[in-house]
Amino acid sequence: MLRVDTTPSYDAWQGDTALALHAVRDGIMECEEIVDDTPKIKDTTFNETTRWLIAVRDHRDKAAFAKLFDYFAPRLKAMLSRGQFGAANADDVVQDVMLRVWHKAAQFDPHRAEAGAWIYRMARNRQIDVIRRTPPPSPEDMPEQVSDEPDAVQILALEQEGERLRQALAALSPEQRQLLEQSFFDDLAHSKISAINNLPLGTIKSRIRLGLERLRRELKDLR
Amino acid sequence: MHDTHHHISDDLIDAYALGRLPQAYSLVVAAHLSLCDTCRARADALDMIGGALMEASDHEPVNPDLRANVLNALDDPAYKPAPAPKGSGPFPAPVMAALKGAPPKWAPLGMGIRQHILHEDQGGSVRLLYIPPGRAVPHHTHRGLELTLVLQGAFSDSEGHFQRGDVQTARDDLMHQPIADAGEVCICLAATDAPLRFKGWIPSLLQPAFRI
Ligand SMILES: [Zn+2]
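Going line by line, the protein sequences match chains A and B.
For what it's worth, the numbering used here labels the leading residue of the first sequence as 227, then goes sequentially.
For what it's worth, the numbering used here labels the leading residue of the second sequence as 21, then goes sequentially.
Bound-form chain B, shown alone (with noise of 0.2 Å):
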């Protein structure tokens, strides 16, 4: 297990088990809770007030022939849930899953930065960066909640050093520039609330000629 040192707060898991958190960001606490045991153990926690919640409520007669159906369906293979994805390399399952079980395909950034968009809608976006060792991400800002999560590598920003399994939150206004660690490519997923944003990203030494 690593020693993940930048957790993703209480209230954003709570939206995340509950159901109430846009799927770009689910994603990201998904493959967080692969890597960090205090937050599983938050998320796991609340489905224990879940089941205690369940437990104690009412209950509502089965329709007999449900049940029968039930019954005489163990044995029957077809009947059986697909396996769960695996995590594979970097990516843990939840990524996998998203990858639908392929490799990423990279898409150029520029800068030898490169992108795959795992998921868009209305809720947020969600993506893999690929960052060559010791290069600078694009400059960026965003209207409202970013989650990065280094699957692989290392970087650094203002904010902190942040290794496989830890997650930056970036709110609202927060102007920052991320430089990957020398030595290993580094790898992340991030989420942000703004689909569109992203698609005229340039690097930060076009930005003047691009007028950002």
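With the rest of the complex left out, here is chain A (with noise of 0.2 Å):
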């Protein structure tokens, strides 16, 4: 069983911001309006990932379950496997992920999320539920599906965004992102907020909220 007291502390964590977001504060700029380009639905498709993870939800189709099990797991596992995690750990967390993954499919609106963020939301919330032995408190989730035909220009617009979001990963200096990966996967107490100013977040922000107001009005015709 793992043993680490990261009872975070608010003050530790506020110093640790402030001097990360003072170092950081160049680079990209925040873009906070919608950019119009419009995507051709001719010219693309969704991800793959999102692709398999639609054909889970709508039709319990486990060849494509078998795809994100291979496509995920290896990735899940390195996440989970750094620092003091362990790999026993990470090994059960990968296993419990996975199976959210195919009962909690339901949930799944692409609308708002592709699927790597869905996934790495549920591996986070595990891990820190094993750290501190206690669950994080969770958002309300969104109701399972709602009736109305998925809207491909949104889903294409979100998964743009994402992919100006890898590219301005890929951008950063190894340091910077070496800090974002330890706050994204790593130990909870300690390390440093950092460099997430520096990414394109305006726009993607913009749209995952017309994908939650997409949903909250389809819930209001359903009352």
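Because the hints were derived from the structure by calculation, they are not lab data.
Please note that the accuracy of each hint is not assured.
[Claimed, not checked] Below 25 Å or equal to it, Euclidean Cα-Cα: the simulated DSS-like pairs (lysine-lysine) are:
1) A/K330 / A/K446
2) B/K120 / B/K100
3) B/K120 / B/K106
4) B/K106 / A/K446
5) A/K288 / B/K120
6) A/K330 / A/K288
7) B/K120 / A/K330
8) B/K106 / B/K125
9) A/K293 / B/K100
10) A/K330 / A/K293
11) B/K106 / A/K330
12) B/K125 / A/K330
Hints given; two lone chains; assemble the complex.
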């Protein structure tokens, strides 16, 4: 069993963040407006991983699930094997998360998340749960599938923003990238929040918000 | 969706999403994210970074037995995770989870104000507060951060007017006295970093007598 005292203190976190945020305010500016570059549906298809996850969600497709497993399990294991978390814990969490992917697929909404983001969150929550021995409070699940047809334009727009984000990540210095990986993968109490504000999050937030609003609108219609 | 006016700062959302906030504050953030699309989008955007980093990271081979176990377990109901708690009345899902699905057991604080402590540890404490219409919350100060989320009704103080979904962020030595709106009971979710400090909470009218 993992024994790390990682009850994070607000003060410690605050000091780290202040330092880190002052240190890295250069680089790409956040962009708040939505860029109007409507994707051409015929030119593009959804990410493979998103298509597999939709096949699991809508058709309980086990072959698609096996593809998701083969793609994500080794990446999750690498993420979870860092630092003090340890290989045995990593295996447990990989198994648990992949089973959740299967059982909770109905919650996946490609208007609001890419498959990788959705699975990352499940893994991070399980990791926090194991380290703190109590699950982190999570926001309310969005309801299982609503009736409306998927809006391909919006899904592709979110994926385009994901692509921009990946390019921005690739352009970071190795040091900044390492700090980010520590923040998103590692030990909860001591790593620094860093370089987040160098990333093009503004448009992504707008896209995700559209997805949330779409969902809430549909829910209202259902009531 | 409510028109939320008072949000949680991005740095707190970041700390929450990265697992770096104590449980007490995390509960308030999760409850706000259940009610506020703007802040939920920030948290979801951070997950996009996490997902992108995870996908671009190294691969570590997974034991073939583990793969076989998972694939064989898909139809086994024993591996089905328990359903996530649902919101109920004014309480969004994460608050219902902290209540373990049961209604709050209110303990009187005096002057009609009641509380139900949901969680306490070294990182802070978080409670539900029940404030009758028109009533003032006891005067109090705090050393660190206090987050107060309105779940029902509304209150006002020197910082503004706060309705369902709104969060008041009070830092350090802000001295404030929220007063509930007339009409409806105000229910709030409040986290502070001083677990013991509130045990001696006494309504403001009584404070002179107790020399607080
Ligand atoms: Zn908000």
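These are the hints, each one checked on the structure:
1. This hinted pair checks out: A/K330 and A/K446 have alpha carbons roughly 23 Å apart, not beyond 25 Å.
2. For the suggested pair B/K120 and B/K100, the alpha carbons sit about 20 Å apart, so the restraint of at most 25 Å is met.
3. A C-alpha spacing of about 11 Å is found between B/K120 and B/K106, which places the hinted pair at or below 25 Å, so the restraint holds.
4. Proximity of B/K106 to A/K446 is assessed by CA-CA distance (about 17 Å); at most 25 Å being required, the pair is judged to hold.
5. Proposed proximity of A/K288 and B/K120 is contradicted: the alpha carbons are some 34 Å apart, above 25 Å.
6. Restraint check for A/K330 and A/K288: the C-alpha separation of about 14 Å stays at or below 25 Å, so the hint holds.
7. Of the pairs offered as hints, the one joining B/K120 and A/K330 holds, with about 21 Å between alpha carbons and a cut-off of 25 Å not exceeded.
8. Our distance criterion of 25 Å between C-alpha atoms is met by B/K106 and B/K125, whose separation comes to about 19 Å.
9. Between A/K293 and B/K100 the CA atoms are separated by roughly 20 Å; this keeps the pair inside 25 Å, and the hint holds.
10. Between A/K330 and A/K293 the alpha-carbon distance is near 17 Å, which keeps this suggested pair within the 25 Å criterion.
11. This hinted pair checks out: B/K106 and A/K330 have alpha carbons roughly 15 Å apart, not beyond 25 Å.
12. Of the supplied pair hints, the one linking B/K125 and A/K330 is violated, its CA atoms being roughly 32 Å apart against a limit of 25 Å.
Checked against the numbered hints above, the structure violates hints 5 and 12; every other hint is satisfied.
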